[in-house]
Amino acid sequence: MASSYSFDIVSQVDMQEVDNAVNQALKEISQRYDFKGSKTSIELLKDEIKIHSEDEYKLKTTIEILKAKFVKRGISPKALDIGKIDTASLGTVRVTAKIVNGISKEKAKEIQSEIKASKIKVQTQVMEDQLRITGKSKDDLQEVIGLVKQKDFNIAVQFVNFR
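Residue numbers (our numbering): -4 to 158.
Note that these hints are calculated values from the structure, not bench results.
C-beta atoms are modelled at their ideal positions from N, C-alpha and C, and glycine is treated no differently.
Pairwise CB distance ranges, derived in the manner of DEER restraints:
{"no.": "1", "residue 1": "Asp29", "residue 2": "Arg127", "range": "43 to 51 Å"}
{"no.": "2", "residue 1": "Lys116", "residue 2": "Ala83", "range": "48 to 56 Å"}
{"no.": "3", "residue 1": "Ser(-1)", "residue 2": "Ser33", "range": "54 to 62 Å"}
{"no.": "4", "residue 1": "Asp14", "residue 2": "Lys144", "range": "26 to 34 Å"}
{"no.": "5", "residue 1": "Gln11", "residue 2": "Lys100", "range": "26 to 34 Å"}
{"no.": "6", "residue 1": "Arg68", "residue 2": "Asp135", "range": "30 to 38 Å"}
{"no.": "7", "residue 1": "Ser(-1)", "residue 2": "Glu59", "range": "43 to 51 Å"}
{"no.": "8", "residue 1": "Ser36", "residue 2": "Lys104", "range": "35 to 43 Å"}
Work out the full structure, taking the sequences as your base and the hints as a guide.
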């Protein structure tokens, strides 16, 4: 019987976990001695996080705290696309970090070309913000999973719908 197997490569972020990570980071910042009296804030919007602080050192420390909380909540820090640090009013600094949800067309093509270059006998198909991998052997699919995990595409990837 010539059955085929498939799975999807996705980049999904659980927004409830992001909210929890932001709240934990805010709690840690409020309790830390080096942030006493500081005007540091983290604001979660729909698909981005705005971080505001009084100097660049505290801003970078806040970003590191937030990344640590992401890891503790099971979210990859690669899910954050941190923008350029801007100066704000009264000598403060701010940065906007976008939450990457879904695989962009460019990243999907990059992953697709890497899989094709490996000569593993599978078919790849870009479906909106995910990538479907189909093959006749489960071993080939496992090989593709290993290949994608080994390469760094600068996005958080998950493997779902393994059939």
